[in-house]
Amino acid sequence: MNEFSELLKSILSPGTFNEMLRRATPVAIAALGGALTEHAGIMNIGMDGMILMGAFFGVLGSFLFSSAWAGLAFAILIGVLVGLFYALFVIKFRSDEFIIGCALNTFALGLTSYMSRAIFGTSGAKGYPSLPDLHLGVIGKIPFFGGVIDGHSLFVYVAVLLVVILWVFVYKTPAGFHLRAAGEKPETLRTAGLSPDRMKWIASVLCGVLCSIAGAHLSLGYLNGTFAENMSNSRGFVAFACVIFGGANPIKTYLASLMFGFFDAIGLRLQGTISSDLTGIIPYAITVIMMVYVVIRSNRRKKHAQKRDPKAAGGAA
Amino acid sequence: MKEKTPVLVRYRYLFSLLVSVLLAFGIGAIILAASGFAPLQAYGAMLRGAFDSARHVGDLLEYAMVLCICGLACVLGARVGIFNVGGEGQLLLGAIFACQIGIWLDGMSPWLVIPLAALGAMAVGAAYAFIPGVLKVKVKVNEVITTIMLNTIAAFLCQYLAKGPWKNANKNLVAATSQLNADYWFGKLIPRSNLTTAVFAAAVIAFLVWYVMQKTSKGFEMKIVGQNPRFAFFSGIKTDRLVLICMLISGAMCGLVGMFRVYGVEHLYKSSVSNDYYFEAIMVAMIASYQPVAVILLSLFFAILKIGAQGMELIGIPSQIYLILQTVIIFFMAAESGIMASIDAAAQRRRAKAAAQQRQKEAQA
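Protein sequence lines correspond, in order, to chains A and B.
Counting in this note's numbering, the first sequence runs from 1175 upward without gaps.
Counting in this note's numbering, the second sequence runs from 3 upward without gaps.
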C-alpha cells in the first residue's frame, strides 16, 4: 500500500504535469490544424508529413540564416506551400484524401531524409539556433502550478493562445461558421452563394501552417535545434486521434492532446511497475471507445428525431 | 449482365501510368541534379542495384511478395467498400503470434508447427480485423479511423510482448522474441537472399484472390456490394456478412504475411518485421485502381525501385530518393483518376443532355 501511495505521489508530482505539457504541445498545435480540416470535412492523414516538413525546414532555415526566428518563418512559408499542395490534390483534383495523406507522409519522409543527408551530410543535424525558453518570474514561484507551467519553450504558451483564437474563430465568427458548413452541409453554403471549396482551401492552408509550426517547435524548441530522420515519429497520427477524440473542437482537442501527453509522461514514472507500452495503449483505446459512443449516440438521436417527425429524417444529427 | 471494360479505358490507364512514371523520374532527376549528382548515372546505379546479383533479385521478389499480398488484402476490402488500413497492425500481431507458436512448440515436427503457425497468424490477423469490421457493419463507425488507432495499439502491444513476457534471453536485443528453431525456417530459394519458399504460398494466395474476385459469382457480388450496397441489399445479397467476411480474409492475409516475414527472413520477432510495408501496399493497390493483376505487376515495379535504391547508396546517393520517386507517381496517379473522373462526368452530362433533347424532339414529333 505504501508503495502504491509512493507511486501515486510520483505520478501526481509537478514534474509529470510539466512533462505532460511539454510532450503534448507539438501534438496539440498540429491537432489544432487538423481540427480545422476536420471541420471542413477533410479527413487529414497527412499531418505527420506536414510536421516533418516543418521540423526539417525550421532547422534548415535556422542553419541558413543563423536565427531560430528565420527558421520559424521558413517553416511557416513551407507550411503554406504544403497546405496549398495538399489542397490542390484533395480539393481541386478530388483525389482520395487518405491516399494523398499517406503519400504526403511518405513524400515528406523521403524529401527531408534525402535533403538532410545531401545538405548536412548525415541523417540528422543538431546544435542550430533554437527558440527561447520562457521563465515566468513570479508565476513560476506558485507551488505546484508554477512547477508545471514554468520554463517551457515559447510555443507551449503560444499553443494555449492558439486554442483560444481558433475556438473563437471556429464558433464565433462568420468565417468559422462557413468553415463548419463546408464540412457538414456544403449544399447550404452553396445555396448561400459561398464556395465550400474555398473554405476547404483555407482550412488546409491553415492546417499546413499549424502543422509546420508544430514541426518547427518540435525541432527548434522541444529539441533545441535538432533534426533527426523521421523525427515526427507518428505524432501526426496522434494529432489525428486527438482531433477525433475532441470532436474537432479546439478546446477539447487540446485537452485530448494533454491526455495523450499525460499517458506518455506517466510511462516514464511507472517504469518497473507497468510497461510504458501498455500505458501508451490507453489513450488510443479510449479514442476508439469514444468514437463508437459518439456514433451510437448520434444514431439514437436520429432515430428519436425520426419518430417525432418522420419528414425530418436525418435532419437532426 | 456481363461486365465489359472498354479497351480504351485500359489504354488510358496505361498511358497515364506511363506518364506518371516518366514525370516522377523527371522530377527525381531534377532533385538529383540540384543536389549535385548525375541523374543518368544514378538511375543506372538503381537498375544495377536491383539486378546485378541473384541475391538482389531474390530480395526484390520477396519484397514484391509482401507488397502484393498486402495490396491484395487491401483490394479485397476496397472491393466491398471497406478500407482496411489496419493491415500493419494485423501483420505485426500475426508475426509475433506465429513466432511465439514456433517457440512454444519447439522440438515438434516442422510439418505440424508451420501449418499451426500459419493458422495462428491468420486467426490473429482476422480477429484483429474483426473489431473494425464489426464496428463498421453494425454501428457504422468509420473503419479508416478505427484501423489507424488499432495499428498503433498493435504496435504498442507487440513492443510490450517483445520487451516483456516473450522477450529473448539475449540482452543485446532489446525488443525481440527468441529465435525460431532452424528446422522451422523456410528454405531459401536463392542463397543469401530473402527469397524463400513462402513465395509459392503467396503465389497460390494471389491466384485464389484473383480467381475469386474476377471469375466467380461471389466476386461479382462483392463488386455490387462495393459499388451499390443498397442495390446489393435489395437483390438479396447478405451485404453485412460479405463485408465482414472480406475484412476477416483481408486481416488473415496480412497476418500471414507477418508469419512469412518471421519464418522466412527475420527468424524472430522484432519491429523490423514490417516497416510500414502495409501503407506502401495500400498505395500500390490504389495506383493499381484495385485491380488484382495490376497490383501484382506494380508490386514488382515498386520492389525494383526500393531494392535498386540501395544500389544508389554505393555511389553515395541517399537511397531515400526512391521514396520521392514513388510518392510522385502516387500523387500523379491519384490526381489522374480525379481528373479523368471529372472528364467522364462532363461527358456523361453531355450525353444525358443530348439524350434529353432527343427525347424532347421525339415527343414533339
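Derived from the structure by calculation, the hints contain no laboratory data.
Incorrect hints may appear among the rest.
Restricting the straight-line Cα-Cα distance to at most 30 angstroms, the calculated cross-link-like pairs of lysine-lysine (DSBU-like) are [said to hold, decoys possible]: (1) K140(B) to K1266(A); (2) K1183(A) to K165(B); (3) K272(B) to K1477(A); (4) K140(B) to K1481(A); (5) K272(B) to K190(B); (6) K165(B) to K190(B); (7) K1183(A) to K1359(A); (8) K140(B) to K1426(A); (9) K1476(A) to K140(B); (10) K165(B) to K1476(A); (11) K142(B) to K1266(A).
Hint check:
| no. | hint | result |
| --- | --- | --- |
| 1 | K140(B) to K1266(A) | violated (34 angstroms) |
| 2 | K1183(A) to K165(B) | holds (27 angstroms) |
| 3 | K272(B) to K1477(A) | violated (48 angstroms) |
| 4 | K140(B) to K1481(A) | holds (21 angstroms) |
| 5 | K272(B) to K190(B) | holds (20 angstroms) |
| 6 | K165(B) to K190(B) | holds (29 angstroms) |
| 7 | K1183(A) to K1359(A) | violated (49 angstroms) |
| 8 | K140(B) to K1426(A) | holds (28 angstroms) |
| 9 | K1476(A) to K140(B) | holds (16 angstroms) |
| 10 | K165(B) to K1476(A) | violated (46 angstroms) |
| 11 | K142(B) to K1266(A) | holds (28 angstroms) |
Figure legend: structure checked against the earlier numbered hints; hints not met, in rising order: 1, 3, 7, 10.
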